[in-house]
Amino acid sequence: MNKFIVFFCILCFSTPVFSQRKTILGKVLSKDTQRPISGVTVQTLNHKIIATTDSSGIFGINIPFNQNQIIVSHIGYLSRKLEFPKSNDKVLILLEPDISLLKEVLISTGYTTLPKERATGSFAFLNNSLLNRRVGTDILSRLEDVTSGLLFDKRFAGGPTISIRGQSTIQSNAAPLIVVDNFPYEGDISMINPNDIENITILKDASASSIWGARAGNGVIVITTKKGKFDQPVTIEFNSNVTIGSIPNLNYNKQFLKSSDFIDVEKALFKQNYYANQETDPAHPPLSPVIQLLIAERDKQITSSQAEAQMNLYKQGDVRKDFYKYIYQKSLNQQYALSIRGGAARINYFLSGGLDNNKDNLVRNGLNRTTFNSQTTYFPTKSLEISANIVYSQNTQAENNGGADQINSGGGRGLYPYAKLADQNGNPLPVLKDYSASFINQSNSNGMLDWSYRPLQELKNADYTNKLENIRIHTAAKYSFNDFLNFETRYQFETQNNTVNNFQNLQTYYVRDLINQYTFTDDLGNLQFPIPKGGILDYSGSKLIANSVRTQLNFNKNWKENTVSLLAGFEVRQARLRGAGNRIYGYDNDLLTSVPVNYIADYNLNPTGLSAKIPFNVSLADQLERNVSYYFNGAYSYKQKYTISASARKDESNLFGVNSNQKGVPLWSAGLSWLASAEGFYPFSTWLPYFKIRTTFGYSGNVNKSLTAYATASYAVNSLTGLPQAQIETPPNPDLRWERIRMYNLGVDFESKNRLISGSIDFYQKKGLDLIGSSPLDPTAGYNVGGNTNFTGNNAEMIANGIDLQLSLNKKIASINWNAQVLLSYNKDRVTMFKYDSPISYYFSSVASPMVGKPRYSIFSFKDAGLDPESGDPRMFLKGQISKDYGQITSTATISDLVYNGPAQPTYFGSFRNSFTFHDFTVGFNISCKFGYYFRRPSINYAALFEKWIGNEDFADRWRKPGDENFTTIPSMPLAGTTYLRDVVYSQSSSLVEKGDHIRLQDINVSYELKRSKLTWLPVDRLSIYGYVNNIGIIWRANQHGIDPDYIYLSYPSTKTYAIGIKAQF
Amino acid sequence: MNLKGYIVLILIVLVSACKKDFLEAKSDKKLVIPTTLQDFQALLDNTDLMNTNMPNLGEIGTDDYYLKYETWNIISEPYEKNAYVWAKDVYQGSISFIDWTNRYQAVFYTNNVLEGLEKLDNQDDSQTYNAIKGGALFFRAYAFYRLAQIFCGPYISSTQNSGYGIPLRLKSDINAPSVRASIQETYSQILSDLNQAVVLLPKSTSIKTRPVKSTANALLSRVYLIMQDYHNALRTANTALEDSNSLMDYNSLSSSLSFPFQRYNGEVIFQSTTSYARALAPSRLIVDSTLYRSYADLDLRKTLFFTSNGVNKIFRGSYDGSSIYFCGFASDELYLNKAECLARLGQIEESMNVLDELLVTRWMTDPITKKSYYINQKANDQQDALNIILSERRKELIFRNVRWSDLRRLNINAQTSRSIYRKLNGKTYELKPNSKNYTLPIQDNVIQFSGIQQNPRD
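Protein sequence lines, in the order shown, are assigned to chains A and H.
Residues in the first sequence are numbered consecutively from 1, following our numbering.
Residues in the second sequence are numbered consecutively from 1067, following our numbering.
Note that these hints are calculated values from the structure, not bench results.
Please read all numbers here as calculations on a predicted model, not as lab measurements.
Hints should not be assumed to be uniformly reliable.
To be verified - Quick partial rundown of chain A residues pointing at chain H, CB under 10 Å, derived from the structure: (1) Q278; (2) A711; (3) G977.
In this text, a Cβ means the ideal position worked out from N, Cα and C, and glycines have one as well.
Produce the entire structure from the sequences given, and follow the hints as far as they go.
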């Protein structure tokens, strides 16, 4: 019955059509992904009859019977005109993505997006596939070697620092501003899941970055996260990988003296009575096992042959074997990421989750990260767009192992190289620390807690976690008044909680040592323990809350041959960081109990006799930063050939103590670009069809939060009296100004025929004005913070010139696609003004004092005059004369006695990245290089060896007898009591300065991609399997000592890692 | 203009209206611009700067102790090794030297406080205000006094004292050049600060790191003694004794404790300690044996001040109750100052009485009869009295950082002058009376920065 009614209805209504028209049913799929496309327009040639596809890509269209052609079009795809046989009314249509459209790069400044073609400034755009070339937990490391002008400095511990186009400040913050989805990111950048990142734009010159005003002086990195797209079916992506890292090479570290040499030194010093005072020292400093043997031998407690036999055993020892076995391990990083995205006509969404589980190179250290991201955009009406983004991430880091450096004998000493961490069965063995063995034995029998130190037991008992939790909520509303004017307002709330828990139980050395130090015998002869016998818990928490509001008016209009885009707005930001830390004694982790202690009383510490109170570790912090900014940005293009742009911004902040009228800093920039290849008279259009010239000029700024115009003081609690005390932190400086950076940029973009070669070259000059530098003051002036008598103010200027070159090559050789990218950067800076000369010793520190005419980071040395042929003492040239009067050299040398060796950071650097694609198989590698710089290598320091047990391999090649000075520059071993200035002067010798130049094979990546369009059996649309090997090694280096100049201040270079992963798309 | 436009306008107006307050907020709660009495008091309560780490470059050169060659040889700081043997070049380029910098840092603090006090509008809390002002003046004088003992020549009352003194920085301006005043100007400034402070400081305080009237008087007495102005030294010692005359009976102290004296004990007027020096560490120094032997066996100081490390006699009698040396003011010194002044002014019997008053508390009492074994001093003449007093002064104030000043002033008079010697590895060093080496050189970086005159050395 029902069927009949339906049939009747169709008959009735369709009869008129039936006679003249036909219905074509079809399905539209993307040729690329084989997924249905919704919202595709299907129309007749005369545009009179239009249909659209539904979410499963199906459409039906009624067209006149005599027509057999339709046009199928959709944004992002090439339109197709189709003809079909009359008999077949069901069609499957494959649309090919429009490559040219996808190639149009929209660069984001954090305030707006604009097509790269219309940009006058120097931007670098890093797309998703470039960012995913590397495998890793964090996002920033993926920026290495992908654009020119960007340098990673890995010399110092605590992770690499990034600089864009060299240094433009003396000592203020030198890090680029990092912007995530329109707002500066206040949290910890390691909290960002790289799988959530769509692309990154790097703003290099003044015009590109000046929209960020006072914080843009070091360049800006704009990170844009993934978002859903309208009219897209549900897409699920899954990515998982495993990275294995090799064990660090501990033998790389030259600061090690092998046991036999070390023991020889100890014997020599013993003969010179070096340890006599330490034997009777009431502080009972540790005497190494060999010294104990020598004392026992001297005191006839053992025979010489017994001592010799034991010593020969020690000579075989190498504590690094135990480090390899118990302290270090292979790292293992696992990463999982899942995302879902899709969209209908008025709403789109992106949801993702990520899990990272990292096992560190250091045993018992690791990281767990969970991230969740939700992003939705909704058009309630045609003119209103609302979007909301919520990101949650949690990061738990276990820091139980401080590495080999933390295993030492206390008091600034290193560890004797024949120490043993465990016996044959792996049981922890004690290692000398802080006190002598006899003192420890005696204290143990006196009823004190066991005072011995067992590094492996420490590692087992350590319980240190650092937990970060970050929530970011970003909402935006955009109202379009018409097609050229819209108004948007954004609000972001960001909070980050950081909790650090360090629980040290009674078995840990720190706790036992502290308890013992405060133990005393009362009048009745009983031992009293002012610090309770129990664990110690240190915990601290901090909470960052940042709120940002931005309102902005955008105007974008095209008419005839003119394009105008303008934006203006203002922004208010506040970030507040509050924290508190505390310590509790006698803590029981199971019962959650603690014991009060007497913080007021003074105790005489064992065994030093110094008077002290029980450490009262309460810390509180409350910092507030407020900013108000106004900005304007405009661009006008004529015929898409000529573009002028201008930008201005004023920043105001609550920087402490700066006068209100000086709080604000106005900054501006302007730019011009000319698409020469679009001119009729352009002569090279055959081989160079795209050629654009751009130039910009402008100012950006840099903030130094540590300074104020008034004298300031900070409060603390006095450890002697328990009363509040104040310390002067900054002297008054009424002339304090913000740093400004003036920058010119001239660049060209070009593309040869068929994009065989494309690229850009930029010349720039950066001038730092009103730079803040520290100049040492006459100590008599009395300004001194922490032993530092430097006065900090606007007293420096510097200039830097540079070139950024970027070249891409795309070539098809047979069926292999070769893609090569050459990046070359040149940057050379020099200090043009610095108001004070520093004492000579300041020029030898790892970051030398600025010197006018020389780069900010420079290497200076004394000219080496070779070793004294008589004694093997180091000698330098002082006022043109050979001198070994070390006191004289350190106290009377002037700048004219210094040799300037060269810059400490690369002048030229670059990379050569290649990838070869054969069908679905891709293999690539990256070679990077750094040239034109120097470093100072560490060598033997005899004072450190004698006093602190810190050796260096150079010892083996030292001067021993006359004639050796012809082969070696390493001084002889001096007698005990020789001034340490001999070592200081030697460490400043030109013989220890090395060229940093090197070339390294950074990484190799391979991937194989499977697509359902080719393999119909595939259960997913795309599946790619990839492998990645990182930190492969140095191919060539200028220095002869096997030193990796990228890691000169670290114990070992980054370890080689091997990653394998799969990525699937449904 | 539609609704959205109005919102923009309203927001802009709102922001401009509350912007001033918004940007006036403090960026770090811990940071303050010192403007209140509380802030100034907190600056003066910075004991690390004001009370501790007092210069010991002079003390290293005194004759109360010696070092064995192997101990001295491996001391890593050149200035300690060189100061020990009164070498011509002391620093050898070392700039990690705090005797000068820390004292001038204290001067900088006091100048900031004094200038801040002047700017205060309401001086309602005048007692507190006076105590802080007096404190700042005292601490400035105390720093100048410490520096003058090391870096400028001895004050000789019979001369013009026109030689180089120390730079007298009386303003906080860090850009003001440093200029060396004369010795006379240096001491006049110290006296003028102290005489003002005496009026302003409170009579007593429970916090012994803060100065009181008797602290300023005690320093005045010390300084007048150094200036050989015995009338004033006596007057100020007497004034100080009016408030602080209590003496501990050493019989009540236990020699079984590792440190028999307590910090802030009854004799302490003002707490201050010296900086750490390797040369002076109890683990290294050996007490001069003649000096040690000069303590009578019934003199309790022999057991309370000293102990043995198995081989040598080491010092443990610091009034700080620790291995750090006390160098503040205690009432025992006032008795000694008073006795010396009386003797020098010819009041021999009175001087001996004052000395007896002190020493009876240092000697053993018979546990049964409760009678002291101490026998009252008798002096035959003025010189004899002086010799007795100076000998007891050296024994009582050992390692109190007064010996260097005493050597300098006693050398002026031929009758009390003496050479002192060091023996190291067979080599003998001599410091002759009134040697230029009694004035230490100023560290190289200060000379480089300020261009002030360096002290000549032999």
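Now for the hints, and whether the structure bears them out:
1. Q278: With a closest approach of 8 Å, the A/Q278 hint holds.
2. A711: Hint holds; A/A711 Cβ to chain H Cβ min 6 Å, cut 10 Å.
3. G977: Holds - the Cβ of A/G977 comes within 10 Å of chain H, reaching about 3 Å at its closest.
Violation of the numbered hints given earlier is absent; every hint is satisfied by the structure.
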